[in-house]
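Chemist: Here is what each chain is made of, one letter per residue.
2 protein chains.
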Amino acid sequence: MSATTTRELVEIDERRLLRRLDDLAQRGALAQGGIYRALYSPAWSSAMELVAGWLKEAGLFVRRDAVGNVWGRIEGSRGGRAIVTGSHIDTVRGGGALDGALGVVAGIEAVTSLWDRFGRSTRILECVAICEEEGSRFNTNFWGARAIADRLEPGEADRVRDADGMTLAEAMRSVGLDPATAAGAVRRDIDVFVELHVEQGPILEDHGPRLGVVTTIAGTAHLEVTVRGQPDHAGAMAMTRRRDALLGASAMTLAIAETAVRMGHPAVATVGTIAVEPAQVNVVPGIARFTVDARHTDPARRTELLTQIGDACKAIARERKLDVEIRTLRDRPPVTLSPRIADVLRRACLAAGMEPRDMTSGAGHDAQVLTAAANVGMLFVPSIGGRSHCPDEATTADDVVLGTRALATALRELAYQM
Amino acid sequence: MSATTTRELVEIDERRLLRRLDDLAQRGALAQGGIYRALYSPAWSSAMELVAGWLKEAGLFVRRDAVGNVWGRIEGSRGGRAIVTGSHIDTVRGGGALDGALGVVAGIEAVTSLWDRFGRSTRILECVAICEEEGSRFNTNFWGARAIADRLEPGEADRVRDADGMTLAEAMRSVGLDPATAAGAVRRDIDVFVELHVEQGPILEDHGPRLGVVTTIAGTAHLEVTVRGQPDHAGAMAMTRRRDALLGASAMTLAIAETAVRMGHPAVATVGTIAVEPAQVNVVPGIARFTVDARHTDPARRTELLTQIGDACKAIARERKLDVEIRTLRDRPPVTLSPRIADVLRRACLAAGMEPRDMTSGAGHDAQVLTAAANVGMLFVPSIGGRSHCPDEATTADDVVLGTRALATALRELAYQM
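Chains as they are written, first to last, in my numbering: chain A, 1 to 418; chain B, 419 to 836.
Honestly, I wouldn't trust all of these hints.
One side only, chain B facing chain A, incomplete, derived with CB under 7 Å [stated by the list, open to error]:
1) SER592
2) PRO620
3) PRO649
4) ALA654
5) ALA673
6) ALA675
7) VAL679
8) CYS808
No lab work stands behind these hints, which were simulated from the structure alone.
Cβ atoms here follow ideal geometry from the backbone N, Cα and C, with glycine treated the same way.
Same shape as in the complex, but just chain A:
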């Protein structure tokens, strides 16, 4: 059916696309470099206003939902369930200009271009700027996508706090949202969600081509490991009599990375935070506490990775006469995306003269949460040096344009069916 009607790569306004990415990158820009748009912060509000302005300018019907996701809508001539594109507006602390932002800006550019060139869609076509994905401010994440997919936990907004002790509910009220009505964000009428995103890894850059279609998103486990030894005087306690918790944690940190290296791609394991007690220059650490982020796209290999990490920590603790406690903070299984939407995305890439690479995503994405509410597809463009979650995150302008045109082409097939 529509497959034959969309073999032509859709044109977009390249200069507008790139200028808007630059404009959005100013919202939350930090003096020391990088960007921080924390959920419900002034920088976040400013970015959301910018996005809402672009949607209005395009002539879309704009609304903010009950948790602050911003939507722009074209009522399709034939109604039915909606075709949606977008990504998240928030960033990690000191993040880059593309993670989330690309999918938001490219989605608006694609829908605006389709509207300008082809008029009203047959299907309902929507852009969304999702309020939160990164979990950078509050000890929770995928807040926006989970609200859409009806996956918020009862009382979550009152329970979850930021580093200053403010609850998510209080933060919502600070931007004029009512936490009691959060369920109003649920959408049961979405057919398709398509997200363009930077790869955030080096595979497309190292091996090509310039477009990737995501088939699976890795399952992420977050662990908290607490190592308990014995605090002692750093000057007076003999080296051989110590039970130094940080020496244990250091050996574990090295072993955890080695476990993932040994298992090979796409296994990854990262110790991203660490703290010791009593944290004094002249006291042997009695407690060391660190987090582990471990991922794999294959459920069985992922379980194996977690088992090996646990075993390595326990063996080191035994050897060094330390106690170790491993707590699971989060445990999300791998998610398979829609093969049907992947085919649509592949055809769009072929329209650009390119056979895309089938990819797994090591990073988590709104897309994985929205699989609970829609048929989901995801398109990757290369990240220079594979860098992301840092100020150096970048993609060439050519790749940004190419990805956006492929996204528009896929949306044309999805929303402009005869």
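Keeping the supplied structure of chain A fixed, place chain B upon it in accordance with the hints.
Modeler: Below, chain B without anything else, positioned relative to chain A:
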């Protein structure tokens, strides 16, 4: 001369000694266990009031000096330069009941018993509770002893801050002290300073005897090591492409400890604090920063230890393609105590029927600073399990009594000369 008059071990009031140690341990006791008497805090003021009360009760002339050290004085019948005993009143955060406290309480007990039994001394005899030694609240230490020894730095009280941003000068004013008059604490009339202290290490417990005379105090270097790699997405960046600053810091932490182990006693090296940036569970650490505390009693070996630590860090950084920067925060050479006072202490131990062990101290002490102002001696009693700077810090009652009697005996020789 006096050597022949003091061969008898001086009696003390054991029950009063032990009860006062218990009473002092209540001041600054933490709900979770351990003690924290931070300089110029309410717990500190409360402890100083207790001490001043004991000194008054003994009939000594009591005064608080310009930085808050509390002194009790017996005017000797023949005047001259003073014989002083004491230690510090402050503790590390979550410290024990003896570090500092033993020297203060035992000093008061010894002087009180001498006064009760033998009347007025021939020499001026003083007890001192030194206001600060540990450096737990402010980013400085030996504040009290340096004030006595005229070793405060110009403007130090206005420059140095606690974790809440309060300056040392502001903290002084909060307890009624005037930072502008700090120089009033300088003493140029001290002949001898003798300090009783717990060993804080396991040597006396492991090898005996129950008394040690300190000949040298180790030189302490504090380094700050900053490791710079590359922050990356913990899910998307391949393991083999990372420049993880924490992996580098972990390898360095292990290598630093190994360097001291290889050099052997009394070399020690400790990583006591560590922090990473951006410190997010799902971001590869781009920066890791840690401190090193390294000590040796032999100046040449100490230099060698620091060189080896620096070389190890640089080699690991090279191997892992990381940058490393090593900054010296503090560099104190080893200090030799007075051989004359060591002989006095040895005779006091012999009066207890015990040949003491000559010891080096890995821990720093007020005594080392006071070598700039007096002839200094230091006596150690065992630490159970070698534990210190922790709630479990303990010494048997028998050893506390023995150490106090030996101290009193030494003070008798020093201050009751015919």
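Chemist: Hint check: is the beta carbon of B/ALA673 less than 7 Å from a beta carbon of chain A?
Modeler: violated, 10 Å
Chemist: Go through the hint on B/CYS808 and say holds or violated, using the shortest Cβ distance to chain A against 7 Å.
Modeler: holds, 4 Å
Chemist: Identify whether the interface hint at B/PRO649 stands, where standing means a beta carbon of chain A within less than 7 Å of its own.
Modeler: holds, 4 Å
Chemist: Let's test the interface hint: is any C-beta of chain A closer than 7 Å to that of B/ALA675?
Modeler: Check passed: Cβ of B/ALA675 comes within 6 Å of chain A, closer than 7 Å.
Chemist: Should the hint that B/SER592 touches chain A count as held when the rule is a Cβ pair under 7 Å?
Modeler: violated, 23 Å
Chemist: Would you settle whether the hint for B/PRO620 is holds or violated, based on the nearest Cβ-Cβ distance to chain A being less than 7 Å?
Modeler: At about 5 Å, which falls below the 7 Å cut-off, the nearest Cβ of chain A leaves the hint on B/PRO620 intact, so it holds.
Chemist: Taking the least C-beta to C-beta distance, is B/ALA654 closer than 7 Å to chain A?
Modeler: holds, 3 Å
Chemist: Can we keep the B/VAL679 interface hint, with Cβ of chain A closer than 7 Å?
Modeler: holds, 5 Å
Hint check: violations occur at hints 1 and 5; the rest are consistent with the structure.
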